[in-house]
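Colleague: Listed below, chain by chain, are the residues.
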Amino acid sequence: MAAAEPDSAAAPLLELRGVEAGYGPFRALFGVSFALARGRVLALLGSNGAGKTTVARVCSGLIVPTAGSVWLDGTDFTGRPAHEYACAGVVHAPEGRSVFATLTVEENLALTFGRSRGRAGTGAALEEAYAMFPRLGERRRQVAGTLSGGEQRMLALARVLVEKPRLLVADELSLGLAPIVVDDVYRILATIRDAGTTLLIVEQHVHHALGIADDAIVLAHGEIAFDGPVSELGDLHERVLGGDP
Amino acid sequence: MEELVSAVIRGFPQGCVYALVAVGFVLTYKTSGVFNLAFGAQAFVSAALYWRLHTDPEGWQWPIVPAAFVSVVIAAPLLGFVLDRALYRHLRTASPVAKLVTSLGLLVALPEIAKIVLDMPPQAYGTEGIVPDGRVVYRFGDYALNRDDIVTIVVVILAVAVLSALFRFTALGLRMRAVVESPRMTELAGVNADRVGSISWMLSSFFAGVAGVLLAPLFPYLGADQYFQLVVTAVAAAVLAGLSSLPVALVGGLALSVVSQVMVTYPPQDSFVRQVLGPALPFVVLFGVLVFMPSLQRRREATDPLAGVDPPPPALAADERSRALTIGTYVFGAVVGLGFFWWVLTVANSYWLARFTEAVIYAVIFCSITVITGMTGQVSLCQPAFAAIGAFTTAQLVTRYDMSVLAAMVIGALLAALTGGLLSIPALRLGGIFLALATLAFALFFERVLVKEEWVGGGASLMDVPRPTIGPWDFGDDRAFFVLCTVVLVVVGTLVIFVRGGTTGRYLDALRGSEVAAAAIGINPARLRITAFALSAAIAGVGGGLIAMFSERFGQANYDARFSVFFGLVWTVIVVSIGSRTVEGAIQAGAAFILFPLVILQRFLPWLLNLVLPWHVESLPTGLTFILFGLGAITYAKHPEGSVEFGKRRSLNAVQRWIDRLGRGSVDTPPDTVEPAVSLPTGSER
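Protein chains in written order, with our numbering: chain A, 1 to 245; chain B, 1 to 686.
Isolated chain A, as found in the complex (with noise of 0.2 Å):
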């Protein structure tokens, strides 16, 4: 493999090198690379259909990309199954109702605890999450397929947001929650962001996603249109998300 790879230390968090990525015959990356320094907070951003969900899923190993290289921490990570992405501390939160539907509340955050926090610490993290959303504490013995939309993202959110990650890839947090809680989940992030948490923000909805990143990438067609600070995005992405650049 390479031989001078930059030690652990100078390397960036998260590296993607001229990933490519599909769905069995359907192409949806062509050669995405950017790199994520630690502590920073990156909005990708593009229309439907432009490969974010894409990304995401390609940064937290749930898709095998057909070539180029995913690199957490200077090691390369690539086609390594997703569930040792998530040991090395990468929690992604799918987009829209990513809940075990059969299992109960409890259960549900048990799951993600139990592997992270061990058993003596599962405790502390479930009062944890239902101090963040007191919402879950009420339910926490119902069937998760049974609460509303509104409920299982809180409850998909608190399962990542209590792990304090060390890169958090958030896939459309605010889709389907009323603005107010949309606030409450931007104030959340930026907690987690202050306590050292790096961010891979997925966003259709700019504006929220803007106000916390330090960077941006505008994704069109498979490809990057734009990477750089949020400063020189200009009116870029409203050209890109507004229709054909």
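No lab work stands behind these hints, which were simulated from the structure alone. Heads up, some of the hints might be wrong.
Unchecked claim - Here are some chain A residues the structure puts well away from chain B; computed CB gaps all over 10 Å:
1. A11
2. A124
3. L177
4. L233
As the list claims (entries may be wrong) - Computed list of lysine to any residue pairs in SDA-like fashion (alpha-carbon distance at most 20 Å, straight line):
5. K638(B) to G24(A)
6. K638(B) to P25(A)
7. K164(A) to R187(A)
8. K452(B) to T469(B)
9. K638(B) to A86(B)
10. K648(B) to G328(B)
Predicted model, so just to flag it, every value in this text is computed and none were measured. Glycine included, every Cβ here is placed at the ideal spot set by N, Cα and C.
Given chain A, work out where chain B should sit, using these hints.
Modeller: Only chain B this time, still in chain A's reference frame:
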């Protein structure tokens, strides 16, 4: 009153047997999401190995402990591990029906593989259990239990306690359930889903092994069919438990046996309850539970929120054939078909004439599976029952009312259609595996109860069924009858092709894609499903009528050899592995069902092997048929159109590309690697 108590107590050991199997069944479903009808086959593998190691008088005669250790503690989990690695790991996100078909394939193939590997005699007698001196009887007052019974009771109660604790209190139990719902999300939580899945299969397979060895003494001889019967009986208890609660499965198994025992002892000798309802109780309960239990009806298959990560299911290989190739394949098909037709009519002796006639009749019957599985995407396991209705009606009407045999066949088909339609009404809301189960329940009810009734099966003696005459034509001659069967096949095949290409077929396609979306554009799913079921049943009924004519003497005694429940599984497996979407597939399946063992296994392959092998091969075991088609059905999830059909399309496309290259004299990019300019919408937008 004393009789009642005694019946309850007598039902108890049998109830523990049901409970043991039901618990194993629920365990597999809970930990793998597979409705594992092959549970009995897995149990048989361990039992057969144990028999070979310990019981067989000419075998190795190992002592009990090492034999049990090898067959239950080592072989059973190993089998589970292999199944997971080779099969179920790749099916975690497949539909429940695909998983069911896979388990059907295993159910058919596994015991045959075990028989060949272990060199089992056709019927292994003198089965002994795992318990030393298992037949020793203990008396409790007036009641007696033998050691086998007691150990079974202890094991089932222990198993429920330990497994419930596993699911309730341990991280592993939680992870197993999580993996069933969404392996991807479990991975995101940092859990190795593949490893958890392997452990799940090893656990449930171990449990199957325990059940297999423990229950072996119950049977007069050791056979996979014995375990199959036991499993389908116990399914009622498993479904009663909503496929999720182990204690309810235990209680359900016990209750089923006790109530059934009470029903056959308590009421007066010739009452309906004692004669019919008692023996049929498990199937009546199964059907009733499926139809009336609201939680099963409302249960949406919990879908994986990350299903979009997986590539979309492979579409049928596109038909981008040139006119020349299309005409070429048609001409080829016509030449082969007419060639066989000519050969059978002029050259073949009476033996081969009869076999080809049978093959044509089975092709007619298999068209019914093309309708139900190929067009609606549902699995029906009661096609033999529909065929039997056609056959019995034909025989009865001809014998009793002296009716024309063709008219009788038509009435038989109508009766089968009526039964199919009526059966589908209560099962309308059920989909997928639960519909398959309801049809299985009906098939079992038909087999255990109705066939034995004189007004259905015609009693002990066979009924004479003449060959038909239409005006001047007499089909009494075997060759003439072959022509008649071929004509019926052509008519039925054309009908199926027209239905598939017409409005009904399009509607059914829509329904198979999404019932909700189909209903939203104004398709009435209920009416459509009833139609499909009735049509399928009618086709099977016609085939059944032809079988009655073919046999010339038909009755209850023919039932087992032609239409037993097990054939329902085998037929589905064969048609699905060859191609359930096309009439062509049904015809090939009919030919394969009858001719494959005779031609390929007994003649062609031995001849081929004798060319290369230094020793002489007389014939290959007929079990290979089951193995090959069972393994073919296993690929259903990947190639729902059938693995043979898949291969055919692929090779035709290769020929097409070759023709293109010849025609243009240059090498083109194959069309399927053209990249879409715009990516696929992300999965969650569906």
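Colleague: Each hint should be assessed against the structure and marked as holding or not.
Modeller: Verification of the supplied hints:
1. Chain B leaves A11(A) outside its interface by the beta-carbon criterion, the shortest separation being 22 Å against a cut-off of 10 Å.
2. Look at A124(A): its CB is around 16 Å from the nearest CB on chain B, clear of 10 Å, so calling it non-interface holds up.
3. Its beta-carbon lying about 15 Å from the closest one in chain B, L177(A) satisfies the requirement of being farther than 10 Å from that chain.
4. No beta-carbon of chain B is positioned within 10 Å of the beta-carbon of L233(A); the least distance is around 22 Å.
5. For the given pair, K638(B) sits about 13 Å from G24(A) by alpha-carbon distance, which is consistent with the 20 Å threshold.
6. Restraint check for K638(B) and P25(A): satisfied, since their Cα atoms lie roughly 15 Å apart, inside the 20 Å limit.
7. Annotation: proposed proximity of K164(A) to R187(A) holds, straight-line Cα distance about 14 Å (limit 20 Å).
8. Taken as a hint, the K452(B) and T469(B) pair is broken in the structure, with Cα atoms around 31 Å apart against an allowance of 20 Å.
9. A threshold of 20 Å between alpha carbons decides the hint, and for K638(B) with A86(B) the separation of about 13 Å falls inside it, so the pair holds.
10. For the given pair, K648(B) sits about 14 Å from G328(B) by alpha-carbon distance, which is consistent with the 20 Å threshold.
Violated hint: 8 only; the structure is consistent with all others.
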